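Starting from the known structure of chain G, fit chains Y and F onto it as the hints suggest.
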Amino acid sequence: MPTSLPSIPSTFALGVCDYPEHVPWEQWRRYPERQRELGITYVRIAEFAWSRIEPREGEFDWTWLDEAVEALADADRLIVMCTPTATPPAWLIRKHPEILPVDAQGRVRNFGSRKHYDHTSPIYREHSRRITTEIAGRYGQHPAVAGWQTDNEFGCHDTARSYGPASRDAFRIWLEARYGTLEALNEAWGNVFWSQEYTAWDQIDPPNLTVAQPNPSHVLDFYRFASDAIADFEEEQVEILRRLSPGRWVTHNFMMHFRDFDHYRAAECLDFVSWDSYPLGHVERYLPEEEKVRWARTGHPDLISFNHDLYRGLKGRRGFWVMEQGAGQVNWAPSNCLPATGAVALWTAQAYAHGCDVVSYFRWRAATVAQELMHSGLLRHDETLDRGGAEVAALELSGRPTDDVETPVVILHDYESLWIYDEQPHSEGASYWGQVMLFYQVLRSLGVDVDVRHADADLGSYSLIVAPALQLMGDERARPI
Amino acid sequence: MPTSLPSIPSTFALGVCDYPEHVPWEQWRRYPERQRELGITYVRIAEFAWSRIEPREGEFDWTWLDEAVEALADADRLIVMCTPTATPPAWLIRKHPEILPVDAQGRVRNFGSRKHYDHTSPIYREHSRRITTEIAGRYGQHPAVAGWQTDNEFGCHDTARSYGPASRDAFRIWLEARYGTLEALNEAWGNVFWSQEYTAWDQIDPPNLTVAQPNPSHVLDFYRFASDAIADFEEEQVEILRRLSPGRWVTHNFMMHFRDFDHYRAAECLDFVSWDSYPLGHVERYLPEEEKVRWARTGHPDLISFNHDLYRGLKGRRGFWVMEQGAGQVNWAPSNCLPATGAVALWTAQAYAHGCDVVSYFRWRAATVAQELMHSGLLRHDETLDRGGAEVAALELSGRPTDDVETPVVILHDYESLWIYDEQPHSEGASYWGQVMLFYQVLRSLGVDVDVRHADADLGSYSLIVAPALQLMGDERARPI
Amino acid sequence: MPTSLPSIPSTFALGVCDYPEHVPWEQWRRYPERQRELGITYVRIAEFAWSRIEPREGEFDWTWLDEAVEALADADRLIVMCTPTATPPAWLIRKHPEILPVDAQGRVRNFGSRKHYDHTSPIYREHSRRITTEIAGRYGQHPAVAGWQTDNEFGCHDTARSYGPASRDAFRIWLEARYGTLEALNEAWGNVFWSQEYTAWDQIDPPNLTVAQPNPSHVLDFYRFASDAIADFEEEQVEILRRLSPGRWVTHNFMMHFRDFDHYRAAECLDFVSWDSYPLGHVERYLPEEEKVRWARTGHPDLISFNHDLYRGLKGRRGFWVMEQGAGQVNWAPSNCLPATGAVALWTAQAYAHGCDVVSYFRWRAATVAQELMHSGLLRHDETLDRGGAEVAALELSGRPTDDVETPVVILHDYESLWIYDEQPHSEGASYWGQVMLFYQVLRSLGVDVDVRHADADLGSYSLIVAPALQLMGDERARPI
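Chains as they are written, first to last, in numbering that gives the first Met the number 0: chain G, 0 to 480; chain Y, 0 to 480; chain F, 0 to 480.
In isolation and in its complexed conformation, chain G is listed as follows (with noise of 0.2 Å):
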């Protein structure tokens, strides 16, 4: 853990994703200078960038991202650099096709997008630590860089979890190295129901396309599993990043009400989380249908500061930024609204009045290609400001919100009760996040300010702890405060 960090921000800060290789050099090189004029500070760039960095196994191309990392810093633009590993190229695909993650229901599921890995692919994790290796060597000691992003939205696209070879022998040999013996499994998992009972480590198997619902204990190791695999491979790169980019942070873009791994545990080797704040994308999703007209263009408020609350209780203290704030239309959702005239302004004071230190759009200007050409940015395709980067150009946020809010009510949250409470919910239409969202909703129409911790968080300070859907509870939970 770094001790000191140099380059967060001592007031709050605006922010923008950009992608240098999608425009022609003569046309990027004006942004830098566009960007200082909106008042955005920092710029997240390389983010896919892996084929362009590397076109051919071991041929690199730097030229193109020294270039933008120059004009960044000749506009005084502060550089958030990524790992690229989100989209392995198709010459590493091709290659090791065994790098391919499998769905549930047993089918590859390959290149063609992003994502597109097996977390526990002991190839694909040497070629991340290799480009993490190359990528940090080359800029990890820039005076213009100011952080880097891991990876991109761990889990996106339902890649959290692999059912293919690669996992499931990894999968063998953490529950190995947890239970030590079958007798101890077996016993774990009550595997005397319905003569589950293993005589050899060989016969386990991912739980899916059994016959009837899986052993729910066999499940959440499996969830368990998957979720430290995503550790493992982010705390890979991290080592690697301390190394080579000595005094800079690490950070990493989670995304709004994720259920599939364990943040609190993917948080701890980062100096601050990040989060991608798409208010307009979840409203369908989490709403019922007589909700989702009156909040089509504003996204709901509740949802919103819900996630600023979790995000900012992940690692325990005040700090966090939106990594990703959508600033127009997304084309992923259901139904993709332009948001209201006033949104974008509103969602960027929401973040700052919640304690988030930076505010950075997706994405500087719209994509003109491939499958991002109907999202918007604060850009339009022609270079034009669209209806975001106006009210950005407009905004007047400075110095800090105050630290001493006072939250006298903490919500007890962690990610073993979401996958135990979803894997058997019970009720049709009952999860986690709505028992969860159930209190939260309450306690904000009363006006008071909620925290989210961990369950096992050092609660002394709340007058009021709210438990909802917590499902394991042993002798630490249960001392008395």
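Hints are computed from structural coordinates only; laboratory data are not their basis. Warning: the hint list may mix true and false statements.
Claimed, not checked - Once the Cα atoms are required to be at most 20 Å apart in a straight line, the calculated SDA-like pairs of lysine to any residue come out as:
no., chain 1, residue 1, chain 2, residue 2
1, F, Lys-94, Y, Arg-167
2, F, Lys-314, F, Val-408
3, Y, Lys-291, Y, Gly-341
4, F, Lys-94, F, Val-107
5, Y, Lys-314, Y, Ser-460
6, F, Lys-314, F, Ala-456
7, F, Lys-94, Y, Ala-199
8, Y, Lys-94, G, Thr-198
9, Y, Lys-291, G, Ala-429
10, Y, Lys-291, Y, Ala-429
11, G, Lys-94, F, Thr-198
12, G, Lys-94, F, Arg-171
13, Y, Lys-314, Y, Tyr-461
14, Y, Lys-314, Y, Arg-258
15, G, Lys-314, G, Thr-406
16, F, Lys-291, Y, Ala-429
17, Y, Lys-94, G, Gln-202
18, F, Lys-94, Y, Thr-198
19, G, Lys-94, F, Pro-164
20, Y, Lys-291, G, Glu-427
21, F, Lys-314, F, Asp-231
To be verified - Per the computed footprint, the stretches of chain Y lying under chain G, defined by three or more beta-carbons under 8 Å from a beta-carbon of chain G, are:
no., region
22, 47-54
23, 90-102
24, 111-121
Treat the numbers as computed from the prediction; the structure is a model and nothing was measured. For glycine and all other residues, C-beta sits at the position ideal for the given N, C-alpha and C.
Relative to the frame of chain G, chains Y and F by itself:
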């Protein structure tokens, strides 16, 4: 067929399903006495206990089961012993993965729950006979053993049909036995349509993954074949039980409104039939939205009584068991409600009034592990009496309802009609059971007692014959009565 | 392109689809005379008869078809002969299973219905040319043969695209022909986005089973490729028919509102287009819940007339057929209603009024076997006249509607726009056809006659051009008219 059924009760009795292998001996040994206190006569055991009986191939551990049998005998309880074939152990599956069933999407269905076998697998059948011989040899003549249950809930979890190599090969043999020549098969199926004519037996596959809908005659024969495979599998076990356990009855626990095999043929080799009654678990499956809430905590009375009438008619004479009577919340329905006060007593009385000999509750004590952790028992997890147990304790039913109830109306029923109707319902939401229940409910609302009988049964005694959705009508069925 | 089309009727005529191979000869021989009595001129035959024409590879049985042709000729009926390629026989599939298509989930789609072929399979294409040559050689110059239908309903049952090795390999070749270099392809698709750049042609797969949504340009080219494959397959047949059946027309029966290939290109090699009109079968697919009941027994008039207008415009001149006109209940819709009294006559008159040359009913007699057992015909299963047949018998339509109807308004339409729009609809439930129908229905409600034409057509004669959901606009399309 046995001529005497020594152990069938002459008066109505109660039973319970219990799993001695799930509970430490020091704890479990107190159960038989508590069962006696609760008025429970029959205790079903060993249902899924293969891995405890035979932990490794050929190594048998009878100690725990011997102790359980003796403890029940000491408490004067009667034992319903099971063939544990519904849960082949991990060592068997890993050695012979070809036992595993394949679903209609072509996916191998894996170990990790129960019912993971293709009934047509020659290797599985060999092991089914082997374990049946072992358990029947050990307990077949024990004085406390009243009778046997074969396997568990044939076809549960969509396992009546498998689409892998074992079933494919067996299907071809079955077809050749049925039709003799490909010309006869092509003619019977109308394969001239769409050039579906076969010129070799090995051109015939199960009717899954076809481009458009498969030939309904192909489907019908595949369903008949799969149904026969279950009956063959069962008959092999029954033949062994008859030989090694003389004077004991054999039954099987069928399911509510189940569709996937011909229960009439499967009942032929049994002394009487049993069924598993979970009134709450099927409310959401069979009732329209507006009716669900009304019956959520009692179940719908007609859905329950229809199954009593159906299973009473399966062998054409009075006398049947409810082998598993739900006595609290289940864990497998979309929503798992608690029964209303008095519901467990009501269900028991309803079974009694419909001519049921024994109502056996599922399960004695709630499981503390694995898939059924959230399923109720007569005892709670902590061994206190749960609401169902309390109602059972208060029951006062004795004697038998008279056998000479007049049932002036008969509903004709057969599984081939069901398969044909549901394969091409001609109207969205139409179903065979829906058609049958329509008439059944009208008749019940008029206060009429109804029998349900096979379309080929002797119908001479009825005043009114109702034949909803009868699909096949030959000379025999069309004869005047 | 043929310059004279000798057999196209100068006055409106009726036809019917019949399957002599389904009915014993002694019974079928009476049909041509009954068809004449009903006023039916054209009889389509041999559509799915491959297994009867060639029961084993290279063994041909023409007897039954010769007899049918002579019987129709004797009754002065005109024959629409078909290439029977929509149903490759079992012996061919078993010998060459690589013909079978693969769905987007990676599952091989099996024999057992129809359309079980990947259009790009070189082996299937060879057999398609071979059987076309055989049947064209035998009947191509028979005086009773008026013309030909190729295959059946291209793309039906989701068969326009296959995702297996045959299509994968052909797609790579198609791409290399289109782009020349990988650099050009990477640039055109914007593969810099998410590091999707290819460095070898064999890194490119069909765009299925990707982790996140595939690149829409990748998808668009795959759709173009699959569409071309259908046209190539068709053109091979047409070339043979032109050579061996001089003076006869060739058509194909397209489907209602079908999406999966470019019908304009597929129409190029045809003399005129036909489509299959099932007004009742699409009510549940295209209409909102509250409209379904209203139109359940007549079909929606705009849905029908739009397809007349669409197919009339496909070759840019008047004259088209309805090759299959539903005349009773179908068997494949979610609910299969009987048509209202008069509906069959109404549909016939509607086709006539929209410039249709021939309405040919599907089918002559209801099938007594296999998949279409529950589909109506003009005759019932017992050969009595069904309700559709009775309406046809009473029809009095003669002459032709005038050709000089003024259609002041044109709706622009093309399949690339459809593919692009529907791949990323940006709003749940939005669809290309929905957009087009919105404008079409408003225009029709104003009493305006509408043409539907390709976006590149000569539009000089129209007063109003409506271009709903037009997605691609180059210089040529943007030119002033």
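Here's how the hints hold up against the structure:
The straight-line distance between the Cα atoms of Lys-94 (chain F) and Arg-167 (chain Y) is roughly 18 Å, inside the 20 Å bound, and the hint therefore holds. Distance hint between Lys-314 (chain F) and Val-408 (chain F) is fulfilled; the C-alpha atoms sit about 17 Å from each other, no more than 20 Å. Between Lys-291 (chain Y) and Gly-341 (chain Y) the alpha-carbon distance is near 19 Å, which keeps this suggested pair within the 20 Å criterion. Pair hint Lys-94 (chain F) plus Val-107 (chain F) holds up; C-alpha atoms about 15 Å apart against a cutoff of 20 Å.
A threshold of 20 Å between alpha carbons decides the hint, and for Lys-314 (chain Y) with Ser-460 (chain Y) the separation of about 16 Å falls inside it, so the pair holds. Between Lys-314 (chain F) and Ala-456 (chain F), the direct Cα distance comes to roughly 10 Å. Compliance with the 20 Å bound is thereby established for this hinted pair. Restraint check for Lys-94 (chain F) and Ala-199 (chain Y): satisfied, since their Cα atoms lie roughly 11 Å apart, inside the 20 Å limit. As the CA atoms of Lys-94 (chain Y) and Thr-198 (chain G) are separated by approximately 12 Å, the hinted pair is consistent with the 20 Å bound.
Restraint check for Lys-291 (chain Y) and Ala-429 (chain G): the C-alpha separation of about 17 Å stays at or below 20 Å, so the hint holds. Restraint check for Lys-291 (chain Y) and Ala-429 (chain Y): satisfied, since their Cα atoms lie roughly 19 Å apart, inside the 20 Å limit. For the suggested pair Lys-94 (chain G) and Thr-198 (chain F), the alpha carbons sit about 12 Å apart, so the restraint of at most 20 Å is met. At roughly 18 Å between alpha-carbon atoms, Lys-94 (chain G) and Arg-171 (chain F) fall within 20 Å of each other, so this suggested pair holds.
Pair hint Lys-314 (chain Y) plus Tyr-461 (chain Y) holds up; C-alpha atoms about 17 Å apart against a cutoff of 20 Å. For a cut-off of 20 Å, the pair hint linking Lys-314 (chain Y) to Arg-258 (chain Y) stands: about 17 Å separates their Cα positions. Annotation: proposed proximity of Lys-314 (chain G) to Thr-406 (chain G) holds, straight-line Cα distance about 16 Å (limit 20 Å). With a C-alpha separation of about 17 Å, the suggested pair Lys-291 (chain F) and Ala-429 (chain Y) falls inside the 20 Å cut-off, and the hint holds.
Only pairs whose Cα atoms come within 20 Å are accepted, and Lys-94 (chain Y) paired with Gln-202 (chain G) is accepted, the gap being roughly 10 Å. For the hint linking Lys-94 (chain F) to Thr-198 (chain Y), the alpha-carbon distance of about 12 Å falls within 20 Å, and the restraint holds. Of the supplied pair hints, the one linking Lys-94 (chain G) and Pro-164 (chain F) holds, its CA atoms being roughly 19 Å apart against a limit of 20 Å. Using a Cα cut-off of 20 Å, the hinted pair Lys-291 (chain Y) and Glu-427 (chain G) holds, with the two alpha carbons roughly 13 Å apart.
Pair hint Lys-314 (chain F) plus Asp-231 (chain F) holds up; C-alpha atoms about 18 Å apart against a cutoff of 20 Å. Residues of the region 47-54 of chain Y with a Cβ under 8 Å from some Cβ of chain G number 6, which satisfies the need for three, so the listed coverage holds. Only residues whose beta carbon comes within less than 8 Å of a beta carbon in chain G count, and the region 90-102 of chain Y has 4; three or more means the coverage holds. Only residues whose beta carbon comes within less than 8 Å of a beta carbon in chain G count, and the region 111-121 of chain Y has 5; three or more means the coverage holds.
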